[in-house]
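Student: Please take these sequences and the hints and turn them into a complete structure.
Listed below are the residues making up each chain.
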Amino acid sequence: MNKQRSYSMAYGVVALAFAALALRLLMLQVVWGSYYRQRSESNFIQEQRVSHTRGHVFDATGQLLVDNRPAYDLYVTFALLPKGLPVLRQLLAPLHYSTQRLRKIYQRIQQAAAHGLREPMVVAVGLDATLCNVLQQHVLSRGIRGVLLKTASRSIAALVQQNVTPISRDQQLPHSQQHLAVHDSSECDLHVQPLQFPSRQAVWAQLQDFLQLSQQQLQAQLQSAKRRSGRAARFKPTLLLADVGFAAQARIQSAMSLGTLAGVSVVKAHKRRYIHGELAAHVLGFVNEVSLQELKESNGSYFVGHKVGRQGIEQSYERVLRGADGVRRIVVDARGRRLEESRQQALLGDVRVMWPPIAGLDLQLSLNLALQRYVQQAFVGKAGAVVALDPNTGYVLAMASFPAYNPNHVVGRNNAPVLRQLSTDPLKPWINRAIQSHYPPASVFKPIVALSALGQGVITAQDKQWCGGQFTMARNTWRCVKQRSHGWVDLNTALRKSCDVYFYQLGKALGTDLLAKGAQQLGFGRVSGIDLPQEVAGFIPNCAYYRKRQGYCAPGFAINSSIGQGDVTATALQLAAAYAALANGGTVYRPQVVRAISQAGQLHKEYAPEIAAYIDAKPEDLAVIRQALSQVMQRGGTAYGLRWNPNWPQLAKWLRTTKLSMGAKTGTGQVVRLGSQRPASPQDVPYKQRDHAWFVGFAPSHRPEIVVVVLVEHGGWGSQAAAPIGCDIIRAWSQQQQQQAQAQPAQQQGGQHAH
Amino acid sequence: MLINTYPLRSRLPYGLIIVCFALMGIAVVNLAAATRVGATALHWVHLLRCAVACGIGAVVVLLPANKLRQLIWPCYVLSLMLLVAVLVAGVTVNGAQRWVDLKVTRLQPSELAKISVLLALATFCAKDWPRHGYTLSRLIRIWALWRPIAVAAAAVGAVWLKYRLLRDALLSSWLTIAAALLLLLLWGLWLAGCIHLLLQRGWRWRQQVSVVDLVAAPAALVFMQPDLGTTLLLLAPLACMVLFCGVRIKSALLAGLLLAGLAVGAWYGLLQDYQKRRVYSLLQPQSDLRGSGYHAAQSLIAIGSGKWMGKGFGEGTQTQLSFLPESRTDFVLALWAEEWGLFGSMLVLALFALLVIQMLYISQHAADRFGQLLAFGAACLVFWHVIINVGMVLGLLPVVGAALPFLSYGGTSLLLHVLAVSLCVHVALWRQEADDIV
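Chain order of the listed sequences is A and B. Read in order, the letters of the first sequence are residues 1 to 755 in this note's numbering. Read in order, the letters of the second sequence are residues 1 to 438 in this note's numbering.
These aren't lab readings, by the way, just hints derived from the structure by calculation. Cβ atoms here follow ideal geometry from the backbone N, Cα and C, with glycine treated the same way. Do not take every clue at face value.
What the hints assert, rightly or not - Some chain A residues judged to face chain B by a derived CB distance under 7 Å, without partners named:
| hint | residue |
| --- | --- |
| 1 | R5 |
| 2 | S6 |
| 3 | L23 |
| 4 | V31 |
| 5 | G33 |
| 6 | R37 |
| 7 | R39 |
Stated by the list, open to error - Listed next, with one range per pair, are the computed distances between beta-carbon atoms:
| hint | chain 1 | residue 1 | chain 2 | residue 2 | range |
| --- | --- | --- | --- | --- | --- |
| 8 | A | T99 | B | A178 | 48 to 54 Å |
| 9 | B | F313 | A | E341 | 19 to 25 Å |
| 10 | A | R352 | B | A58 | 51 to 57 Å |
Tutor: Here is the structure:
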């Protein structure tokens, strides 16, 4: 036969074709093998972030102030939410419905689910027995939930593989009952339970129920979740609701284990907890979700849902408190479901954690919890601030601003009304009044002026001035604090009685510039550099400023400045730092809130006291001023009346009996220039026009260990509104010191006994 | 007639049978790996089916040659009837009606049609073998009487079935109506010519039917399911066989030009955009459901990630974690290649090459034209199945529904290929006998 050519061609074609396939296989499996191996791994390996915990915060004595509590966050993966239409199509395939009709039925189911309808709805009626059986088989074999086949005559529900409620799932139904179907009856109806049948609406409706949310609230959350996740992240879990609470979490978990909440997951997270609530809220600050702007600027170190410190040390020590998320690999199948442990182990081996989460570092504050708590209790008044410093180190022992807020409410769930209320409060609770707002220091500024005058040699401590109740210069008249004359006053008396006229004369003699220079030396007019954010500098005017503003520098400006009025402003912290320098012999420390950074109990870094400046004052000048200030509490001083103050009986009694010597200065800062007539009582003046009450105290006066500054905003007279608070704080501190002193020897003795 | 068992044993094509069983073994092992995910043990089912198919194959092998020839035309008619039945009362899966439910098992008549068409072609061409190759007129037999009648019926049927599809195209302008009238006139002339020729020559069966008709009838029925892959796999052996018999070069060129012109003209002249889209979805029902790009990409990942030695039995993540769709049927090679690497896939490829070459060898040494054509057709059948499936799995060809011989899970497909191999064995066995007779 003449077919040999055909056969050789056929063999050739076969050989060529198989060679081509073999070549292709070689390319795929060897040349590009590594690439495809990687692709297959990225198919099933999902990298998950493991959240880290933020550092804890302790007080100076090691008591916990801020920690993290476990919380549950609700995540949603949009791509994995149930798709009911294909399921419905499968189920109803024997009925040969058109696609349009199926869609309509599915729409009805979704609507019913959205309204939370529990009772089953009819999908098809009067199906004959064979169809019923076929449907029954479909339902059982595919495990479709929420489908009921009711016989038309007796309406016996056919049970669907797994039952609906968790209780009946536990009570395993006998096998025969599970197949309790429609054998006997001739016809049956097909019902669908909207909340059980897989659909997005059913998931939302269940979540609404579990979370006690209204439809609008949930939809709003969904919208914001979608906005945050973006289009690309359909396969990534997106935070729907943070901190859902334990009860809701338990219900969601049980529903998830039943399989009705496909696409929903609950992730354990950490929530910031401020253990003492409002205590030191302004020092601690709070955390908040990172904003989109910050996300963009962070270069990938922050992720959606991360928390960022706002205000206080949470903000200023963000880098320390914040740790780093870990990364863990998990194995998922094509539908994004996580595999069981053993198979994960087989595919990934033991190195599941790419890198572990790094917890943030802990902070130890210089705050004393007991003192801080007392400060918070002792403060009387609407608004104000208290600062207590250790004058020998600059550490802040207590710092409080009033009104305060509770950071737990600020970071908590449903914080919107809290935030709204805090933001609209006319007293502006957000502001840390100790450092973030400045006030005329008034009389508490006088020792600073006096120190400058002594240093410049303008006066000596013994020089006396005549106080006639008022001071006149260039047709202007300044009144003294007291209407009547103080008579001849020296420096000691002037400070003790807070005689304005004496200081007017000092101011006139010093001039604006020298006065400003002295104040700046003690830290006024610039930020103290405390490790808290948004500190303000206050203001000390000099001639250059006045020339710029007024065109000239009149001596009258110095008169105003000399009693801490006019354009002079300072923060409570600045005053505390300045008085600390006066008290400790001339060292200006930088105030600090954080004493040390530690990591799991190990000291990581310690912040030693930091000297900002030495003031060039003679020790004897400082001694004179300290001496004068210590007499403010004595007979003839402005704060002497406290010993019989009926409003503070305990304090009064303590003051009368204590051996502790205290230095102090009261001040009353005018907010508005008043007319010639001083009102008899501060209550007659509108709140916003009342004077600020100041008190600065330190103790013990010869070797100070604490400086307390109290500011009561619009509180009236310093000696009446601020001084009792300050003295009370010093009393608490001294009693605390005494207790400690008693406890320590007792301990030592106890230890000796044990030997 | 064959009486002695000794010569039977000596003439058995052992190589072919061993390769065949080796492929079946691989299929069972492979399906065992795929079964780990699912609940039903596919590999045992497949093993059972292999046994049944081998039994049927043995019967075919041992059937005397003349008995086999008697069965050819009844088989052909039966498979045509089954194809009509599947269109009328078939089971729809993935948008295509392909199965006939026989209660015990589901049958895919289009697979069986391949075998009966093969047999019919072989016997027809053995008689019809043109000395100097086929001419165009012999392939088409345009003057057969039933031809214009069938064309008219097809046109009416098409308009009736796809009324919406064609309405706009046909009634869009007076020009098309005029063209239709012209066509009608031409058709009348054609019919008259046919009747004239029939009267002149008298009735002869072979004058009325061509090789192409034998395949066109079942192919059209399969195309309507719709199942493009099987249609192509029905047409491919025909083309091979016609080429094998020989085609005059002029005729071949003319036929090619005619076909190409028809296709291009229809595509650009007749159909609107949305109609084309409908044709797309008509040709590829699966593409609408999930997107064939996903299939192809996952298949490549599965194969490529196998590298040299594969991931090991049951360790293929693409299948085990269900990233690879259709991993037991059409994409079964991807599963094998992923778990056994280049080593495994080359083994399978080599086995298939051996299979086809041995079948061709049997064809080459067959005693008569029928045996030659039958074995050649069977070889073509297996060859095209392998090429189309492997080409699809390797991302060289578009995704059409085509099973891999022996390896894919599916009873009818397995039976088809076992039958194809059995027919070859049959040809090899009966060669001596035929020689004796001649």
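Student: The structure should be examined with respect to each hint, and the outcome stated for every one.
Tutor: Do the hints match the structure? See the list:
1. R5: violated, 10 Å
2. S6: holds, 5 Å
3. L23: At 10 Å from the nearest chain B Cβ, L23/A fails the 7 Å test, so the hint is violated.
4. V31: violated, 9 Å
5. G33: holds, 4 Å
6. R37: Result: holds, 4 Å to nearest chain B Cβ.
7. R39: Cβ of R39/A sits 5 Å from chain B, so the hint holds.
8. T99/A / A178/B: 48 to 54 Å: With a Cβ separation near 39 Å, T99/A and A178/B fall outside 48 to 54 Å, so the hint is violated.
9. F313/B / E341/A: 19 to 25 Å: Check passed, 22 Å falls within 19 to 25 Å.
10. R352/A / A58/B: 51 to 57 Å: holds, 54 Å
The structure shown violates the earlier hints numbered 1, 3, 4 and 8.
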